[in-house]
Structure formats: structure tokens, C-alpha cells
Amino acid sequence: MDAARFRPTWQQALGHGMYLGALAAAVMLLATLGALGWTRATPPHWVWPLLAFGPPLAGAVAGVLLRHRLGTSVDAGGIRTVTPFRAAVEPWSRVVDLRAERRGGRNVVSVYLESGASVQLRAPYSGELFAADPQFELKVFALSHLWRSHRFGGVPS
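With the first letter of the sequence shown counted as 1, position 115 gets the number 1120 in the working numbering; the numbers rise by one all the way through.
Just to be clear, a hint being listed does not mean it is correct.
[To be verified] So the derived label-pair ranges between C-beta atoms look like this:
{"hint": "1", "residue 1": "1043", "residue 2": "1149", "range": "15 to 23 Å"}
{"hint": "2", "residue 1": "1149", "residue 2": "1040", "range": "47 to 55 Å"}
{"hint": "3", "residue 1": "1015", "residue 2": "1110", "range": "31 to 39 Å"}
{"hint": "4", "residue 1": "1041", "residue 2": "1143", "range": "46 to 54 Å"}
{"hint": "5", "residue 1": "1098", "residue 2": "1142", "range": "22 to 30 Å"}
{"hint": "6", "residue 1": "1071", "residue 2": "1106", "range": "33 to 41 Å"}
{"hint": "7", "residue 1": "1134", "residue 2": "1073", "range": "49 to 57 Å"}
{"hint": "8", "residue 1": "1156", "residue 2": "1035", "range": "44 to 52 Å"}
Rather than coming from a laboratory, the hints here were simulated on the basis of the structure.
We put the CB at the ideal spot given by N, CA and C, even for glycine.
Using the sequences and the hints given, assemble the complete structure.
Now the structure itself:
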């Protein structure tokens, strides 16, 4: 049973999906323009709005639907980062420090391991616009409390 689970907010999932969809739309538009330049064909007029707006909308829907499959789970075994394709576990015995840091345009939680490596957690994080999480500080505090509880004597009941 998880002591805590942190997922991206629905706004973060929506924004991330739209971002990936916009990248896909740009690639598809460039590929279509290249193919049209090569073949000298003219597509129907409805193709352009479909290529421009279809992928970002599909990405937004996919981001919100996949939101529950992303994030960070914390339990007695350690910290587990979860993505749709894999999950990685860092046992409490390897965790040396846990802190919030500024990386790029976001505040993220980094876990420092005794090997000297650091792992950036998938959630919680906070940034601007769609990436904002008004409860970021509370989530970092909860993570820090769980880490300290496991590090220095177990979780209080």
C-alpha cells in the first residue's frame, strides 16, 4: 500500500499533452510540405486545419487520460517513479537527500542517492502557465517528511 502518491495535475497533463501534440503537428506539417514540394500535388483545404489542430487536441486528450499512469509513489520500500512504459524504484537505504530544485523553467524534486547520482521525480513539479501546481510546497514537505521518517526510524503510526 502506498503511503503517498503524487501525479501531475490535470492542467499539467493537459499542457504536456498539448506541447507534445504541437511538436507532432509541426513535424507532420513539415513532412507534408516536403512531400507536396516533391510531388507537386495539391491536397484538399481541410487537410491543413486537421494537421495543425488535430495533434495538439489529441495530445491534450491523451495527456489527461494518461495522467493516472504517471507520477511518483512512496511506500515502505522506497520511492517509485512511474511512467506509462516503465517504473524505477529507489529503496530508502540508498536515498541520501531529497530537495526541491530549480531546473530549467520548473521547480522539481530531486532525490540524491548514495552513489552520487540524482534522480528527478516525475511529480510533483511546478512551473509557469499549465505547469503550475499551487500545492507544490505541501507535496515537497510531505515527501521530505516521509523520507526523514524512513531514514531516521520508520513511519510513525
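Identify every previously stated hint that the structure contradicts and give their numbers, smallest first. Violated: hints 1, 3, 6 and 7.
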